[in-house]
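Line by line, the protein sequences are chains Z and V. Residue numbering for the first sequence follows our numbering, starting at 1 and increasing by one per position. Residue numbering for the second sequence follows our numbering, starting at 1 and increasing by one per position.
A couple of the hints might just be wrong.
What the hints assert, rightly or not - Short derived list, chain Z residues pointing at chain V, Cβ under 8 Å: (1) F8; (2) P10; (3) G11; (4) P13; (5) H15; (6) V40; (7) I49; (8) N50; (9) P51; (10) N52; (11) T53; (12) H55.
As the list claims (entries may be wrong) - Below 16 Å or equal to it, Euclidean Cα-Cα: the simulated EDC-like pairs (lysine to aspartate or glutamate) are: (13) K48/Z x D193/V; (14) K29/V x D3/V; (15) K32/Z x E68/Z; (16) K48/Z x D168/V.
In short, the hints are calculated from the structure, not lab data. C-beta atoms are modelled at their ideal positions from N, C-alpha and C, and glycine is treated no differently.
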Amino acid sequence: MLPFSVLFKPGVPAHTQVAYAARKAIVAGHLKPGDRFPSVRVLSQELKINPNTAHKVVARLVEEGLLEVRPGVGTLVSSSTQVSEAERQKLLGDPLEQVVVAARQMNLSLDEVQAALTRHWSRLDPDTKSKGD
Amino acid sequence: MADLAITTQGLTRRFGHLTALENLDLSVKRGSFCALLGPNGAGKSTTFRLLLGLLRPTEGEGQILGTGLTSIRSELFQQVAYLADQPQLPRHVSARGYLAYVRPFYRSWDAALEQQLCEELAVPVDRRIATLSRGNRQKVALISCLAFRPRLLLLDEPFAGIDVAVRDQIVDSVLAGAGDRAMTVLLASHDLDEIERLVDQVVMLREGRCCLQEPTDQLLNRFRRVFVQLREPAATTPANPSFSEDWIQWRQDGARLELVHSHFDPARTERDLRQQLPNLEALSTAPMSLRDVIAAVSSPTRRPAPCP
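Extracted from the complex, chain Z is given alone in its bound form:
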């Protein structure tokens, strides 16, 4: 079993969708620093994606600094998951625009959007969650 799940949508490149699911698992703390990340072979077989695609996912997450390759050990979740400012902006641009468009379409106020954002934020935030436990 993989430490994250991917619900594939047709039309979006598989590596984009898998990388997103992995990022989400890492920022949500389901995958913790030092945890082992699935190998290319396991990713490919579990998700029925070809090994090149699986390799692309790992390579991209390594490049983003979320994963690190330890020779002889495997691929681990980085201890310092510092994402560059540019990466962060890129990650946020599209989905934020979608939220703003949807919110305006439904005549929601900025306050309402911010409240909803806060709810989602705390749902994914491992610190908030452990305080709540």
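Chain Z is fixed; fit chain V onto it per the hints.
Using the frame of chain Z, we list chain V on its own:
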């Protein structure tokens, strides 16, 4: 060229007056899974037979795993596997007997993998092949292709006439055999939903000519279905020559338009449309599955979709 498993240059095959394949320039990287698409009679099987040395090219040339197509020796088939669309298996032996017969031909036969695949695919190994279902026969043929760990696997319509559960098992087995990019796969199939995530390159043939050769992710990124709302119903259909040929396939219903853009770019797509349709009110876009992309590219009402 070392990183290419398959390459052809101007590969052409004619049968009398009929040109089955014309001027194919194909490159498939090692470790890649490449889909070979196209309607029946487009030249897919001819391509396979040329790549296997079963047919001689009329013109052009090519290499598989570095060997020229006209100098293929039986030795190469220690590394190349071919699953034909109707695999011919002996009818009166069991699957176990057939695999035992094939095994000694291959130096790299992996008995453990053979065993694993027989179990995972739940093949009734002791029954005569003649009594097996089409799906089970396909599995036996596939095991004989994977168990010697080929570096190149050619699959011609592996899912035709196979039920969904067995299709999944076939995909799982191919991925198990592929490991970490040790195997290159060329796959002809009409089952685009099955292969969208499986292939990283798409080649499409039409009437013997290659009309598309592109990485899957790039293809999915550049095609979008575009929905347009006009302020008032347009009197004329916009089958408008001033639209660039990047816009393929349209449908119009009063003030609503549905188009396919083959070179989607968030800013450019909207700017192009607004230029062409001054009374555009709203527009939205949706990604397209590989199946939808191929359908749009092949539809008779389409405009030409130039390769980038």
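Supplied contact hint for F8/Z, tested at 8 Å Cβ to chain V
holds (6 Å)
Please verify that hint: N52/Z, Cβ, nearest Cβ of chain V, below 8 Å or not.
Because about 5 Å separates N52/Z from the closest Cβ in chain V, which is inside the 8 Å limit, the hint holds.
How about V40/Z: closest beta carbon in chain V under 8 Å, or not?
Constraint on V40/Z satisfied, holds at 5 Å.
Hey, does the G11/Z contact hint survive, CB to chain V under 8 Å?
Where the cut-off is 8 Å and the nearest Cβ of chain V is about 3 Å from G11/Z, the hint holds.
Hold the hint about T53/Z up to the distance rule: shortest CB distance to chain V must be less than 8 Å.
holds (6 Å)
Against chain V, run the beta carbon of P10/Z and see if the smallest gap drops under 8 Å.
holds (3 Å)
Against chain V, with CB atoms and a cut of 8 Å, does the hint on P13/Z hold up?
holds (3 Å)
Would you mind confirming whether the straight-line C-alpha gap from K32/Z to E68/Z stays at or under 16 Å?
holds (13 Å)
Does K29/V pair with D3/V here, judged by a C-alpha cut-off of 16 Å?
Holds: K29/V and D3/V sit about 6 Å apart, inside 16 Å.
Proposed proximity, D168/V with K48/Z (alpha carbon, max 16 Å)
holds (9 Å)
Can P51/Z be said to touch chain V, with a Cβ gap under 8 Å?
holds (4 Å)
Verify the interface restraint on H15/Z: the C-beta must sit less than 8 Å from at least one C-beta of chain V.
Where the cut-off is 8 Å and the nearest Cβ of chain V is about 6 Å from H15/Z, the hint holds.
Consistency with the previously given hints is maintained throughout, with no hint failing.
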